[in-house]
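Q: On the provided structure of chain A, position chain B as indicated by the hints.
So you can see what is in the structure, the chains are spelled out below.
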Amino acid sequence: MLAGREGRRRVILSVDLAARRLGLRPGTPVAKAQALYSDLLIMDADPDGDRAGLERLALWFQHRIAPIVAPDPPDGIVLDTTGADHLHGGEAVMLENMVTRLKEAGITARATIADTLGAAHALARYGRERITIVPPGETAAAIADLPIEALRLPADLIDDLHGLGVSRIGPLAGMPRAPLALRFGPDVARRLDQAFGRQAETIVPVRLQVPVQVSRNFAEPISAAETIARYITKLVPPLCARLEEREQGVRRLDLLLHRVDSHTEAIRVATAMPVRDVRRLTRLLCDRIETIDPGFGIERMVLTASLAEPILHRQGVSALIEEEEADVSDLIDTLANRVGTQALYRFAPVESDVPERAVCRVPALAPEDGREWPDHWPRPTRLLPRPEPIQTMAVLPDHPPVFFIWRGIRRRIRCADGPERVFGEWWKGDAELTTVRDYFRVEDTSGETFWVYRIGDGEHGETGSQGWFLHGLFE
Amino acid sequence: MSVAYAELEVTSYFSFLRGASSPIELFEQAKALGIEALGICDRNSLAGMVQAHVAAKETGIRLVVGCRLDLADFAPVLVYPTDRAAYGRLCRLLTLGKARAGKGKCHLLWEDLVTWGEGLLVILLPDTTDDVCAMQLRKLKDAFADRAYMALTLRRRPNDQMRLYELANLTHQARVPAVVTNDVLFHTYDRRILQDVVTCIRNHITIEEAGFARERHADRYLKPPAEMARLFSRYSEAVDRTREIVARCRFSLDDLAYQYPDEVSIPDQSPQQALEALTWEGAAAAYPEGIPPEVRKTLSHELALIGRMDYAPYFLTVHSIVRYARSQGILCQGRGSAANSAVCYVLGITAIDPARTSLLFERFVSEERREPPDIDVDFEHARREQVIQWIYGHYGRNHAALTAVVTRYRAKGALRDVGKVMGLPEDLIRTLSGQIWGWGRKLDEGALNETGINLSDRRIRLTLDLARCLIGVPRHLSQHPGGFVLTRDRLDELVPIEPAAMDARQIIEWDKDDIDVLKFMKVDVLALGMLTCMKKGLDLLAEHKGQHYTLQTIPAEDPRTYAMIRKADTIGVFQIESRAQMSMLPRLRPRVFYDLVIEVAIVRPGPIQGDMVHPYLRRRAGQEKEIYPTPELEKVLRKTLGIPLFQEQVMQVAMVCAGFSASEADQLRRAMATFKNTGTVSRFRTRLIEGMTARGYPATFAERIFQQLEGFGSYGFPESHAASFAILAYSSSWMKCTHPDVFLAALLNSQPMGFYAPAQLVRDAREHGVEIRPVCINASRWDSTLEGPERDDGLFAVRLGMNLVKGLANEDAARIVAARGDRPFASVDDLWRRAGVKGAALTYLAEADAFRPRLGLARREALWAIRALRDEPLPLFAAAAVVREAEEPDVLLQPMRDGAEVARDYNRTGLTLRDHPVAFLRDDLIERGMVTCRQALEARDRSSLAVAGLVLVRQRPGSAEGVVFMTLEDETAAINVIIWPDMFERFRRVVLSGHMLGVVGRLQKEGEVVHLVTREIVDLSHLLADVGNRSLQVFPDHNQGRLRENIVVKTRNFH
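So the protein sequences, as listed, match chains A and B.
Heads up, the working numbering is the position in the first sequence plus 43, with the first residue counted as 1.
Heads up, the working numbering is the position in the second sequence plus 21, with the first residue counted as 1.
It is worth saying that the hints were derived from the structure and are not from the lab.
In this text the structure is predicted, and so the values were computed from the model without any measurement.
Keep in mind that the hints are not guaranteed to be accurate.
Unchecked claim - With a straight-line cut-off of 25 Å between C-alpha atoms, the simulated DMTMM-like cross-links for lysine to aspartate or glutamate are:
| no. | chain 1 | residue 1 | chain 2 | residue 2 |
| --- | --- | --- | --- | --- |
| 1 | A | K471 | B | D448 |
| 2 | B | K441 | A | E290 |
| 3 | B | K441 | A | E394 |
| 4 | B | K244 | A | E502 |
| 5 | B | K441 | A | D202 |
| 6 | B | K244 | A | E475 |
| 7 | B | K441 | A | E468 |
| 8 | B | K859 | A | D202 |
| 9 | B | K540 | B | D276 |
| 10 | A | K471 | B | E447 |
| 11 | B | K162 | B | E265 |
| 12 | B | K859 | A | D230 |
| 13 | B | K160 | B | D104 |
| 14 | B | K244 | A | D460 |
| 15 | B | K1071 | B | D945 |
| 16 | B | K441 | A | E244 |
| 17 | B | K244 | B | E447 |
| 18 | B | K859 | A | E502 |
| 19 | B | K52 | A | E502 |
| 20 | A | K471 | B | D478 |
| 21 | B | K244 | A | E468 |
| 22 | A | K471 | B | E49 |
| 23 | B | K588 | B | D814 |
| 24 | B | K827 | A | D203 |
| 25 | B | K827 | A | D202 |
| 26 | A | K471 | B | E230 |
| 27 | B | K859 | A | D199 |
Okay, chain A solo, but in the shape it has when bound:
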């Protein structure tokens, strides 16, 4: 069962056969379905993924069956098989094959061949048979008995027509045109005409977006780093030129180096934003040359923009007083391609009193959200990755320790501030329901300042074990 949002409610969007047998239908609120059957398998619907999948499937059909293919979202694909069926053993065999192939791939499909796109669309969804072939000229009879939902009309229009008692295509087609158009606009007539073939409808076929690729063969295998770098400088400009035609920039760039021993070496660079700058891309690639093992030499280099995105042009600074913000994305790309994106991050504040949770990592180029750490409370310059237990002596309930021993060194405390009482974030886990930490800023006789805390508030047993820890250093 797939679920998704419809306004503020979570409703079922589609169900499989088993769920349909239980009586679940699209449109039912998820909570109601769960109340009825507690062991439902619910997955979130992914409309974008579905659309992409449909696109891929359309490409496959284009490859195998006929040149003019288009996805018909949300759940269909249309093909113009005119002149292609004989290649597949006739119409019936062709449809049979298509449905079978899809079934093997785990897709339940229905297929129809008709004179018009509208009729085929209708019969594939509302017809009785799994496979339907409408002989030429019999379209009108074939679809007359189908419900008007099959006509690709907006849902509210369908509702209104139902309200008037018109529920099948035949009677609708039989109604006089002018009054219909007056009441329901031109859509009804257009869809009818399309279905009956009185109005032409073209299929806009899918086109494979071939990635931009440039290559170079070498008569003489190359292997020196400088040579590779030189050819990189030669490959990047044409690539950028072709990207410019498409108004795109590179997010991911693959350089394949085919060695004479038929091994392939590869360099992949990624950028934080679409880039088409020759110098930048060249440098990013050249930075990685050292990772290449040229072996006995490289005879072919292929540079592919395997992920490209449209570049949004931004107007440059026009006013003289305005200062252009420094663009660090170049630097970030360079760093990320050396150390990896995961290793590159920025700290951002989190509103939490628990010190280790007061910070989070965000991507280097994440937008500022205006949040800052409160600055009126002193916080240690260095926070230990995990608090380290210390031995202390302190007077209950709320006095700072007199001394403490950390990593074998005993420090006498000269002055202290505290306690700062930090409560566990009770919603995060049962362990934190009652816990309390009492933080003290303590200064030892040598003038070093530490951040120590005691688990528990010194009064109520359930707040903690009263053990002491060192959590940070002031410098």
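A: Then chain B, alone, in the frame of chain A:
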């Protein structure tokens, strides 16, 4: 060493969604810790002060009345009035701020505080020690001199001690004394989590995103004085100063003296004299043949009592309100408490003739307790606002305001709000809270288990636990339905007044219990739908049939009316129309008015739980002897055959048999009314049983009487209530019996009210021979009307009004009616052009089939025509619109199946004049072995059978211990179904959600009362959904598509 300390900064949960403890919890904790006084300072509010006052008295801890003011241009301050005058100024100040800011908010400036600050001690609550703070401190010193203080509070945050040190320095510089406070938000430390939750609710955020919105200063609970002294050992003089402030604040809520408004119109006349004059004048008018000596005696007695208690102004006030309503032709009727008096009768406040009932005035006006009397007056619900605005105008807005109702969390709301805070998905919250019936105060796991939701999930468990803690916590103030407080002196010097959510209303910060404590006078100006209905009915009667009646002059004791009541033919009638009442009527068999009074009183949780119903019925049927051990008791209980049925009888029994004084008896009633005082009830038990045995009653008899009283609790009616209701029950029955046409029209025009939906009312009227005509664009008005010609039996036809049409706005209907005038519309186009309403409004009418009666257009034809209208011509179709309709080719639309017409009728007007929906399903039902309700009603007792029908009413009365009553209706009749708790648990989901159910069960007949006791329930809602695809015609037309319209039956749920 014992330290003296008073906590001066305490926030109770009356700082809504901020504090987390009730006043009584705070005071009890203070007592346990040895804190000698608490200063309650809620935010810009005194809402919790009376409760704190009560709690302080109970615990013996001193309450210092105070308030925290959040000023817009200054640091927050605590203010403490030193005396009554200063308190009055504080109230004025708060009233001012609230009037400025609107409901629930307060906007005050520093200069307001200075203006109204005389006699107030002001404690500055500093944040950081900076120049601003120093400057504010200087300003404070200048304005308040020796009444200025600054608070020292430990926050458990970094630099605490430094901050205190610097603040103390500042106070020295400014020569403003420092005082220690602990900024308490809850009474014990473990309320911290609940406090986080209410903070999130207040800010509409989830706990995950709460971040620094949570209260960041730790340890906000009450601490023992010794601990406070230890924490502030460096500032011991600031600790001691708390007591100084307590000593300086001498004001207590006991100082508030309430004054009745003046009602004297003649100079030099005292209120008592005015009341006496009015009373005798009224008495002479009420008894034209001379005042009966009994009544004269009662009147004198009551007047003397009123005089001793100084209550004359109260009666005068009620009298003048009622007199105003009468002058405007607004129906009203008094009831309750002090209305039990002969004085009220002769003043026209009530309609209960003291010559006919023995009344117990003392019950409400008890001399020892000096509690103010209480009279509720019901008005027509449609015109009550007029009375309310008159009261504001007459007494002045500074002297009159509605009491507040403290809206507290109930199970459902608590679960919903906590669920949101915990970040549970909306639908999960809805599913969980949907399992709670009505106004539950409990969250029981059993009901929630049913949902199939994993309750052991940490987050859900936490939600349920926290929701349980939240139940009973006040959420906000809202307005009482009609409880007015009226004063002679300025009301806003007694209590802050705030604007209410409704326009032109204002409320005080205290609820009715609070003003009871302070002995303020309250008049309840309530709304009653049946009064509206009767008023409309009487007007229709006068207009169409030329018969002029008032409530008082409706023919009394009409035998035909009683015959109808005895048959339990009472759908639509006031009070006696409910299932329980209807099943009692054939047993009680009322013949005179007093029987109706008993009928109204007996079907109440009190008499039912006190097991008084069956003994009464047995005695009435002569199957059991009435026993009166003593003649005094006989005097008290004779009119109810020896069984105490009314509240005052309970008290009289205590007085007569056990020697209680009147006020003791009143205490007994109050003790029974409140659950928590179980201890006090048992104290009365010993007192009652001992008193009775001492007077020679057998111990077993005494024990039985006590048990009856205990079961009775507060759930009984006083006789005057019952009598007032009985009058309405009788007059509405009379209307139904003699003028069913008028009655139906009046009822339909007063909806929503009562137990039944329009569909049942219309059906019932049809069964009584009333002709009902459908909604029609050429005949209907907004309200339902009577249409001639008058038939031989004196009945008019009822034309349903356009107010039944779903979605249609009143203005659109009014325009249509106005445009129609005397010239009926000739076509859809004509209507559209002349009335100038949008096509959408016409669509509502077409869906309701209003074009058929006169224009002969079926739903689809009308819709077809309406679709062609263009409210705003589209450019493309500008040319097409010119084409006259007549020139269009004819379009033949499929007629709807009759089942579909019925479904649409139901969904668009809530009723149908065609066949009942179940009639379409009869074949299926026969196949399933189900009989009609009519057959079931006529079957033998104890026979097993199955019926099916629409669920009209679901009811789970509190007195019935989990039993659910349900009313099913099919095309023949309605039948009552009883579902025992185990059955309910088994079929919970079906019972709660099914629109149409089939019930297999055993018939139980008690005389004419028939119930079906459930053994099995099937959900037939899917069948009901199919009605639109059915037809009763012999040759149904198969050429149609399936209708996708479900019948929506509005089931009414009662608790």
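Q: Next, verify each hint and record whether it holds.
A: Verification of the hints:
| no. | hint | verdict |
| --- | --- | --- |
| 1 | K471/A x D448/B | 22 Å, holds |
| 2 | K441/B x E290/A | 46 Å, violated |
| 3 | K441/B x E394/A | 20 Å, holds |
| 4 | K244/B x E502/A | 12 Å, holds |
| 5 | K441/B x D202/A | 36 Å, violated |
| 6 | K244/B x E475/A | 23 Å, holds |
| 7 | K441/B x E468/A | 17 Å, holds |
| 8 | K859/B x D202/A | 20 Å, holds |
| 9 | K540/B x D276/B | 12 Å, holds |
| 10 | K471/A x E447/B | 20 Å, holds |
| 11 | K162/B x E265/B | 18 Å, holds |
| 12 | K859/B x D230/A | 23 Å, holds |
| 13 | K160/B x D104/B | 23 Å, holds |
| 14 | K244/B x D460/A | 22 Å, holds |
| 15 | K1071/B x D945/B | 23 Å, holds |
| 16 | K441/B x E244/A | 51 Å, violated |
| 17 | K244/B x E447/B | 40 Å, violated |
| 18 | K859/B x E502/A | 72 Å, violated |
| 19 | K52/B x E502/A | 20 Å, holds |
| 20 | K471/A x D478/B | 13 Å, holds |
| 21 | K244/B x E468/A | 23 Å, holds |
| 22 | K471/A x E49/B | 33 Å, violated |
| 23 | K588/B x D814/B | 21 Å, holds |
| 24 | K827/B x D203/A | 18 Å, holds |
| 25 | K827/B x D202/A | 18 Å, holds |
| 26 | K471/A x E230/B | 12 Å, holds |
| 27 | K859/B x D199/A | 19 Å, holds |
Of the numbered hints stated above, those contradicted by the structure are hints 2, 5, 16, 17, 18 and 22, listed in ascending order.
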